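Given the coordinates of chain A, assemble chains B, C and D onto it according to the supplied hints.
Protein chains in written order, with our numbering: chain A, 15 to 391; chain B, 15 to 391; chain C, 138 to 426; chain D, 138 to 426.
It is possible that part of the hints are untrue.
[To be verified] Here are some chain D residues pointing at chain A (derived, C-beta under 8 Å): (1) 178; (2) 179; (3) 192; (4) 193; (5) 195; (6) 196; (7) 217; (8) 220; (9) 221; (10) 248.
If you're looking for bench data, these hints aren't it; they were derived computationally from the structure. These figures come from a predicted structure and were not determined experimentally. All C-beta atoms in this analysis are idealised placements derived from N, C-alpha and C, irrespective of residue type, glycine included.
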Amino acid sequence: MKLIESQAKAIFAETGIPVPPGRIARTPDEARAIAQEIGGRVAVKAQVPIGGRGKAGGIKLAAGPDEAYEVARQILGMDVRGYPVERVLVEQAGSIEQEYYLSITVDRDRQAHVFILSSAGGMDIEEIAAQHPEKVVKLWLDAGLGLRDFHIRDLAVRAGVPAELFPQLAAIARRIYEIARSRDASLVEINPLARLSDGRLVALDGKMEIDDNALFRQKALAELKEAEGDHPLEVEARKRGLQYVKLDGYVGVIGNGAGLVMTTLDMIQRSGGKAANFLDIGGGARAEVVRNALEVVLSDPDVKSVLINVFGGITRCDEVARGLLAVMDSMDIRVPVVVRLAGTREEEGRKLLEGTALTPAATFQEAAQKAVAAAQR
Amino acid sequence: MKLIESQAKAIFAETGIPVPPGRIARTPDEARAIAQEIGGRVAVKAQVPIGGRGKAGGIKLAAGPDEAYEVARQILGMDVRGYPVERVLVEQAGSIEQEYYLSITVDRDRQAHVFILSSAGGMDIEEIAAQHPEKVVKLWLDAGLGLRDFHIRDLAVRAGVPAELFPQLAAIARRIYEIARSRDASLVEINPLARLSDGRLVALDGKMEIDDNALFRQKALAELKEAEGDHPLEVEARKRGLQYVKLDGYVGVIGNGAGLVMTTLDMIQRSGGKAANFLDIGGGARAEVVRNALEVVLSDPDVKSVLINVFGGITRCDEVARGLLAVMDSMDIRVPVVVRLAGTREEEGRKLLEGTALTPAATFQEAAQKAVAAAQR
Amino acid sequence: MSILVDGNTRLIVQGITGREGQFHTSQMMAYGTNVVAGVTPGKGGQEVLGVPVFDTVREAVRATDANTSIIFVPAPFAAEAVLEAAEAGVDLIVCITEGIPVQDMIETVQYVRRQGVRLIGPNCPGLISAGQALVGILPGRIFTPGPVGLVSRSGTLTYEVVNELSSRGIGQSTCVGIGGDPIIGTRFVDVLRMFEADPDTEVVVMIGEIGGSDEEEAAEYIKEMRTPVVSFISGRTAPPGKRMGHAGAIISGGRGTAQSKVEALEAAGVPVAATITEIADKVAEALGR
Amino acid sequence: MSILVDGNTRLIVQGITGREGQFHTSQMMAYGTNVVAGVTPGKGGQEVLGVPVFDTVREAVRATDANTSIIFVPAPFAAEAVLEAAEAGVDLIVCITEGIPVQDMIETVQYVRRQGVRLIGPNCPGLISAGQALVGILPGRIFTPGPVGLVSRSGTLTYEVVNELSSRGIGQSTCVGIGGDPIIGTRFVDVLRMFEADPDTEVVVMIGEIGGSDEEEAAEYIKEMRTPVVSFISGRTAPPGKRMGHAGAIISGGRGTAQSKVEALEAAGVPVAATITEIADKVAEALGR
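Bound conformation, chain A alone:
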């Protein structure tokens, strides 16, 4: 789960990482009041869970309260790459001398936490990393040893951070490591980490990603997740405990196992179609799960046909069939549904579905082709 800037900054402030004074406004009037309170120049920043806000016009400076009212009026309600802006962060705009990039994340290849520091912050770090890899320095941590002061010194020296900033940098680095550990954050990013003209290092922007697997022990963050959500269908699917991702095609997909479902998407594309979603019912799914899955997929107005592709290992095909039958009893199915069942109890499963409105398919390929054809009819 991703946290947006204001959420990340709230955690920064709690942990002792310096952030500019500021607050959330939901109306231009609130923005004016906050700017008044802060005094001087402020930044007004759209709070949306996506990058590239600046380029999209979602971040503007204002010289004072009236200008803050004006730019907030422009930003609130605008659409940043598909996300409507409902809140802006109004905060003090200091005088920036230098912008650094600092983050901690998980390196799956090295199976370790990795710190990343660059003197070329503020811009797209991935671009810098690609074009000037020497400007982005990394340090991998031993989990048993953790983060030590010499690690930070090593990073800072290699990234060309002046020695007088070491103590501030060390304090901030220790805190983002603490956040990664105590909040199960798989990414804590400060970009830019700005050196202001008074010499202070301040986190001007922050991003955070929380490990979904750890939400069981991150109650406070888990509540944020409930409240936020991306596409309404994704929120609904999550409530039902399903692994669902909304895509921009028209063939609804349900399968068991992420690899199998991804391969099903690939096969739909090979067959000339486009998938409307990814939905993995997981291993050993019971009828109830299948019913939930089909209900979510069918509630997507983009869906013109549905492909159910199940290979029974632990999952029993007869259970899947029973789930499908339950949906057909309870709701009117408005689009063609193609079902391919293979593996454990496939015979029993197929028999249960005989004589229903569902379209059977014998193979993976046949299923994809039938589903695409049905959608395009």
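For chains B, C and D alone, kept in the frame of chain A given last:
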């Protein structure tokens, strides 16, 4: 540095390890008042920095306030293996069903913290370990991994602790590990860890050793050290920053390097004498240190002669000689002092001492023999 | 022959008293796996399916001389279960549990590695040496003994491939599901090394997916291998930046895309199949059938 | 020849700008040791005795290709200095600092060991290969090249022995002070192994003391050695339970006493000298002089 029972228990209580209710008394009247407060049966325990209190009559039970007064009167002022009893701990005496032994210490051979648990607590654990090693189970910790619940389960199962005690035992074990880490304790011992008739585990006695090298970051404990001290000469030497141990002979010894000083003690014994102390002035000692060392040794009334044995590596013999001359200027030296200087600047050192009352010696052996002879004269 | 598990496997089931643990224990025993002990803290002394249950892995190992452990413990306790098994002295740990926090696995994988213990998973279907031993939740029924080694990040997809191979009369030596999590104990290259050393594995099928650079790293090693490798990459049409169930399947920047993996593999001379039937075709070809 | 340090040693001095660091750097350079860099955080860019100073060990290693580091950093920061050197990729770390908390060293020694880096010390005088390189605070002047390897828990006592040997015309290969702390990076048995493998070390002198069971463990290994070993144990008359300066010199129970050590060594066929002159006598005997 060793902590006595009441100090260890104060730390236990602070950390959340259950201890019996109780307080320190310095007079029989105080003991009576505390017993009154606690109610029921109490234990009155001499607070001295040495083991074997029980056998020496330093621990007694009392049925009520008056008996507490009486036993406190007996114990206060008595001498436990050379230590006068100035304080007693008066605490509730519960009904004990079973006594366990639990400790964490440092295993120098395995270079790790080791947990030790036994169902045969209460008695001398070293005796049990020698005679019934299977009754004392150990577990070494990886510093990077630390203590985990499965470690405690493993220990408990092997030591035959009943499963219903696991949660209490786990909580206590985690806390003594926490004490070892946060307080730089090289030993935290609970013996006995008693299971009372109501099923609770309670630390009835506690011992703790704090790593002297870590006192720079253990301010609160360092203050205890100042206050306690063993032999007055040891306290004095510590104040002067010297490594000094009082022994029961009559030849005062000063040398540089622990190994050299220990070998000097051995040599004195081979020569038929007995050393009055161990005193290491360390490497690269300046004249000031030498002066301090000689003053401490000479202030010991048991000392009949002094042997100064220095091999100059980093330590310069001329510096040592200058320190000796300074003492001779400032105080009257009442016993023969034998000096053997070898190594760096030995010539210069010897020359400085020529014509003084000090007895020169050319070799290690000669020095020991002369010092012993001088003491016995 | 086979790799990792066989008739000499003496298996402990951690979490044997749970619903999942018990069900799959029965499946593994039915397949012929030698399940010697179960472990559930607090349930020592019981029996499950005739298998003795112990409170700790150490006790189980001492009593039964077990050399392998499989873990069905719930996610919040699974990493500790792996650590316990590693300290108790088994050689191979298979962690089926899904949903273990990444942070727990970083610590666990680093520790297990330095103890020199092999961990498969987590969030994996385990492994099977066809006709010899099943240590996992794979449907034993579809496997047939033969010369093809399989290694995969994805469970169900692998069953599809095995089903296709078996239906064509092409058997398998060992099939290893390494798991789809970002932090896993054993990666493609580790299993490829073992297959390369196994005289009875004549062809290897590697089933990858988008995310990470495991496949790219494997491609480097395959250049040195004598045993031919056939590959498949799922998620070719997945849009960048979307999570596809496996936390592993996240595309970030240019790395970890299906394209980068396919290119690396093809550069290493590995045929990359576009469909499951094509995998079987290419395996048959490599076997000279 | 020699062990651990020689003409190929390229040395970093951590804490070079301190009084101790600077003094001993001058001594080591005077002895001919190739000191290539110094490290003091915040003092990068300076020079000490003509040696460039860096902010971090990693920078120093990169710039100078150093392979060894010696540490003169104050006790509260010394363990971190060892860790930094280990991560920066040197092969050998010599920690002179005394007074490092035991807890810091447990963590450090365990980490350094798993990184495969050799640590000597802490609280040790370092080591010297006579006539080749001095990496420590030993008085170089008293050493003469020859066939005797020395390993010791005690500094000054070793100088006595070396002085005696040199005065009799018996030279030394390498002399290693392993330090007197309870937790040290390199123990007797590690150094004995190296001497056993060194063709130019004909006799080894092992100078032990009461406390711990390092000597007992060494005795076990000596049984397998071809190179003869002469030993000495200090503290034979120390009373039980008293601390004698070295935290190591604590006697607890039956273990770690002088008697237990002498018995173990004699059982392994090692002559245990009673005095320093006797050490030299026994070495001369072993050399056939």
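Status of each hint after checking the structure:
Using the Cβ-Cβ criterion of 8 Å, the hint placing residue 178 (chain D) at the interface with chain A is satisfied: the shortest such distance is roughly 6 Å. Residue-level restraint check for residue 179 (chain D) holds (minimum Cβ-Cβ distance to chain A is 6 Å; threshold 8 Å). Among the interface hints, the one on residue 192 (chain D) holds; its C-beta lies about 5 Å from the nearest C-beta in chain A, closer than the 8 Å criterion. For residue 193 (chain D), the shortest C-beta to C-beta distance to chain A is roughly 5 Å, which falls under 8 Å, so the interface hint holds.
Using the Cβ-Cβ criterion of 8 Å, the hint placing residue 195 (chain D) at the interface with chain A is satisfied: the shortest such distance is roughly 5 Å. The interface hint given for residue 196 (chain D) is met, as the beta carbon of that residue sits about 6 Å from the closest beta carbon of chain A, less than 8 Å. Checking residue 217 (chain D) against chain A: minimum C-beta separation of about 6 Å stays under 8 Å; hint holds. A cut of 8 Å between beta carbons decides the hint on residue 220 (chain D): the least distance to chain A is about 6 Å, and the hint holds.
Checking residue 221 (chain D) against chain A: minimum C-beta separation of about 4 Å stays under 8 Å; hint holds. Taking 8 Å as the C-beta cut-off, the interface hint given for residue 248 (chain D) holds, the closest approach to chain A being about 6 Å.
Of the numbered hints given earlier, the model fails none.
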